[in-house]
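> Protein chains in written order, with this note's numbering: chain W, 1 to 327; chain D, 1 to 314.
The set of hints was computed from the structure by calculation and includes no laboratory data. Please note that a few of the clues may not be correct.
Restraint-style ranges between C-beta atoms, simulated for each label pair [as the list claims (entries may be wrong)]:
1) D:Ile6 - W:Thr16: 53 to 59 Å
2) W:Asp72 - D:Ser141: 55 to 61 Å
3) D:Pro309 - W:Ala73: 46 to 52 Å
4) D:Ala178 - W:Ala73: 43 to 49 Å
5) D:Ala178 - W:Thr16: 37 to 43 Å
6) D:Arg310 - W:Arg63: 37 to 43 Å
For glycine and all other residues, C-beta sits at the position ideal for the given N, C-alpha and C.
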Amino acid sequence: MKPVLAVEDLTVTIGTRRGPAHAVAGVDWAVQPGQTLALVGESGSGKSMSVLAATGLAPRTARVTGRVHLLDAELTGVTEERRRRLRGRHVGFVFQDPMTSLNPVLAVGRQVTEAAEEHLGLTRRAARSRAVELLDMVGIPSAGQRVDAYPHQFSGGMRQRVVIAMALACEPDLLIADEPTTALDVTTQAQIVDLIGDLQRRLGTAVVWITHDLGVVAGIADTVAVMYAGRILEQGPVDAVFGAPSHPYTGALLAARPDPTADGADLVTIAGAPPSPLELPAGCAFWPRCPVRGDARCAHELPPLVPVSAGHQVRTFYPQPSDGERR
Amino acid sequence: MARFVIRRLLQSAVVLLGVTLVVFLLLQLVPGDPVRVALGTRFDPQTYEALRARAGLDQPLAVQYFDYLRRALTGDLGVSFRSGRPVTAIVLERLPATLSLAVTAVVFALVVAVPLGIVSAIRSGSLVDHAARVFSQFGVSVPDFWMGIMGILLFSGVLGWLPPSGYVALTDDPGRWASHVALPAVTVGLVTASILTRFIRSSMLEVLSEDYVRTAEAKGLRTRVVVSRHVLRNALIPVVTVVAVQLASLLGGVIVIEVLFAWPGIGRLTYDAVAARDYPVLQGAVLLVAALFLLVNLLVDILYARLDPRITVR
């Protein structure tokens, strides 16, 4: 099957006062129709930036190279005007903080259907009834009245529902969810996760879910890519990656998940901090923090991404044996 | 809404009361005796005492003040020491000149500053942006009276396009009014335009980095729509305050410019009243300016609530 969105050897370099920052240093990933790809990693690992760059939303100071395919279109080297026409129409976005991602002086209904007015040529009247329909679809009570309300009149969770309605206004083929639950409180988080999953099944939308919450990933994703310092360290079907993590980093991440049953136990952490994007090391970026600590080769040579099983790839010279083999 | 306006008007009355008291007391501290000044070389003790008694200046201060207030409430602000005419009439007849100058200057400033500020923010770092910054630096640094003099020298001296000074009422002859208002309005407006350009630019830049602007871009909206519907609407809200403050201060009369261009407005009146120690006129002028200031601020608050749905007036 042809992927909805695929990037090949994508790099994003951002010019800063202290030199070029390598936010994304060559990544490949693809999301299949109707499926969910989870991009996981720490803050600054390049997960958001790779998606923003692929869709033409990278900051103006960023230099993007590599190839991007959206549906049948090749996005590499096309004009911003062409990318703009695809954005919103075929790709919808849900951003992290619903408190700031809505325009405070525009009624929510108007914001929800703006994209449909632009791309599908809806009249203002048609747009309004479509807005009510969409708000109702995302579970906003008495949508008919709320359509004229302003963002400040909604709670955080309700605002995120508005943002989801907005992203789905043109029934896009792909939904980008950039940490959509991070800014919400825990009870609301689960509702938003369920809502997106539910709408995905109903509309057949593919989803790229950017998150650092591994618990969410296990529940919703089909495939997962673990990013670190602008590169993918491990990717594959979620069962394979989480069931048999092959990269020491993935293993450490999974071990660092808080265990609600372990009463009073200390949280497990990964010592150290990721390298600065201003000076990525020549070898494996995780090497200084790696629990395996291979050899000089790790420090000087970049490990290639190699397959360990069907569709499961890992970037390390020392793939970890799965639990079964270890025993 | 009606309750808000009524409450604000009552508050304004209290402020105006304070203004009368402060101005009244300040005038007592100013050296120089207005009656003596008015008499000049014709001074003799008998006329002096008679005039003082007629103006009520021989009464105790408190009596003078409450007397003034009592009459002010009926619209009687006393009579001019110099001309003997009622102060209310004198200040009101100066209002159209100042009003037309101030409004023209602000309109000119907006016409220049809004496009310049917008382009300068959207194309920040470009040639236009640099030019706009030089312009606003120039506008705020160069004194307005100097610009006024240069304007007179160029446009009326060298080119002969515009009259150097004077005033024609808008209602008498709109064409000649326009030719007379052009130079003073542009002179004053350039300063306002410089301040506004800077402010609009920084306000736009701030809004451009907001998350909701990225949301708008993510929807694939045209740049024009993103800027007008999402950036501009938010960026111009704080600009309203700055425009209002500018307008209010221009309504107070631009003394130097009105004197320079022989513009018979409130500023010129204030200047003349100070020079002649014509205290009733000075008091009346200050009171009128304070009232205009309060009125503009009330209008801004109402406008604010219309522009920003997060604000409600109650």
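> Does each hint hold? Answer for all of them.
Hints, verified against the model:
1. D:Ile6 - W:Thr16: 53 to 59 Å: 56 Å, holds
2. W:Asp72 - D:Ser141: 55 to 61 Å: At roughly 58 Å between Cβ atoms, Ser141 of chain D and Asp72 of chain W fall inside 55 to 61 Å, so the hint holds.
3. D:Pro309 - W:Ala73: 46 to 52 Å: 39 Å, violated
4. D:Ala178 - W:Ala73: 43 to 49 Å: Distance hint for Ala178 of chain D, Ala73 of chain W is violated at roughly 56 Å.
5. D:Ala178 - W:Thr16: 37 to 43 Å: 53 Å, violated
6. D:Arg310 - W:Arg63: 37 to 43 Å: 38 Å Cβ-Cβ, so the 37 to 43 Å window holds.
Violated hints, listed in ascending order, are 3, 4 and 5; each of the other numbered hints is respected by the structure.
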